[in-house]
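Colleague: Quick note: the sequence shown uses the working numbering, first residue -11, plus one each step.
What the hints contain is simulated information worked out from the structure, not anything from laboratory work.
Be a bit skeptical, because a hint or two may be false.
Keeping only pairs whose Cα atoms sit at most 20 angstroms apart, straight-line, the calculated EDC-like set for lysine to aspartate or glutamate is [claimed, not checked]:
| hint | residue 1 | residue 2 |
| --- | --- | --- |
| 1 | LYS139 | ASP164 |
| 2 | LYS16 | ASP86 |
| 3 | LYS9 | GLU226 |
| 4 | LYS139 | ASP167 |
| 5 | LYS139 | ASP114 |
| 6 | LYS139 | ASP169 |
| 7 | LYS16 | GLU187 |
| 8 | LYS139 | GLU185 |
| 9 | LYS139 | GLU187 |
| 10 | LYS90 | GLU106 |
| 11 | LYS139 | GLU106 |
| 12 | LYS9 | GLU60 |
| 13 | LYS91 | GLU106 |
| 14 | LYS9 | ASP169 |
| 15 | LYS16 | ASP167 |
Per label pair, the in silico range of CB-to-CB distance [unchecked claim]:
| hint | residue 1 | residue 2 | range |
| --- | --- | --- | --- |
| 16 | SER224 | MET(-11) | 18 to 28 angstroms |
| 17 | SER53 | GLY92 | 42 to 52 angstroms |
| 18 | MET(-11) | ALA52 | 43 to 53 angstroms |
| 19 | GLN189 | ASN62 | 34 to 44 angstroms |
| 20 | LYS16 | SER224 | 45 to 55 angstroms |
| 21 | PRO118 | PRO231 | 43 to 53 angstroms |
| 22 | MET219 | SER47 | 19 to 29 angstroms |
In this text, a Cβ means the ideal position worked out from N, Cα and C, and glycines have one as well.
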Amino acid sequence: MYLHLLHLGRIPYAEGLAVQKRVVDARKQGLIGDTLLLLEHPPVLTLGRNSRRENVLASDELLASRNVELHEINRGGDVTYHGPGQLVGYPIVNLRGDWPGKKGPHLGPVDFMRMLEEVLIRVSFDFGIPAQRIAGRTGVWTVAGGSIQEKKIAALGIHVSQGVTSHGFALNVTTDLRDFDLIVPCGITDRTVTSLELEAQPTDDPSRQPTMENAIHSTTRNFGRIFGRQMLWCSSLEELLSPAATNPVAG
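Given only the sequences and the hints, what does the whole structure look like? Please build it.
Modeller: Here it is as structure tokens:
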């Protein structure tokens, strides 16, 4: 079975939401198959359904002066930051499909989240970074050692409607982490964030250097492995939404 891939590049958050809505609507109607959108955003803060406004530490004036947008959205979780150098993924899939590990008529949202975490754990390992889950704290974390605490390298938060997922994950690749000082990331006060760039060991192997291109390749490869799908690239949104795009897709 296939899963469509579309790389949108760096686009404003509102534009990304609009594209996501079109793809979600098409998936709900059965017009297209399961899809993974990959993109970056200019600096933006997003507040999930469980957000507390006090976790935004910056004033509206400071956000405006730094050209950082603020959006309230319907995903789970608290406040997070998106910006250049961060790989954002929006998996738009029907949980009622034939998925690995499905225990009933559909894949549960929690199981889906754990699979997303496994994808990003494997991506981290591709760059020589041991990574893990932490019970009770959604996301992907580096492994502690000695006096060094775990650091969050990827955040996750999804929404499910009529069995179809939206929103997804944000993996720090070469992100300027100073912008995380604007918030309490995901409402967690006792841990910090990090990136592939900061954690990866120096290497002469170009394929293991923490670039956005390499992160995209690793993410798509590991997504296909964990979710049991052959990944099929689309060149544009129009191609993705065209009737011909549904032909190779089952589920």
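Colleague: Are the hints correct? Go through all of them and say.
Modeller: Quick rundown of the hints versus the structure:
no., hint, result
1, LYS139 with ASP164, "holds (15 angstroms)"
2, LYS16 with ASP86, "holds (16 angstroms)"
3, LYS9 with GLU226, "holds (14 angstroms)"
4, LYS139 with ASP167, "holds (16 angstroms)"
5, LYS139 with ASP114, "holds (18 angstroms)"
6, LYS139 with ASP169, "holds (14 angstroms)"
7, LYS16 with GLU187, "violated (39 angstroms)"
8, LYS139 with GLU185, "holds (13 angstroms)"
9, LYS139 with GLU187, "holds (10 angstroms)"
10, LYS90 with GLU106, "holds (16 angstroms)"
11, LYS139 with GLU106, "holds (16 angstroms)"
12, LYS9 with GLU60, "holds (15 angstroms)"
13, LYS91 with GLU106, "holds (18 angstroms)"
14, LYS9 with ASP169, "violated (30 angstroms)"
15, LYS16 with ASP167, "violated (36 angstroms)"
16, SER224 with MET(-11): 18 to 28 angstroms, "holds (22 angstroms)"
17, SER53 with GLY92: 42 to 52 angstroms, "holds (50 angstroms)"
18, MET(-11) with ALA52: 43 to 53 angstroms, "holds (46 angstroms)"
19, GLN189 with ASN62: 34 to 44 angstroms, "holds (39 angstroms)"
20, LYS16 with SER224: 45 to 55 angstroms, "violated (21 angstroms)"
21, PRO118 with PRO231: 43 to 53 angstroms, "holds (45 angstroms)"
22, MET219 with SER47: 19 to 29 angstroms, "violated (43 angstroms)"
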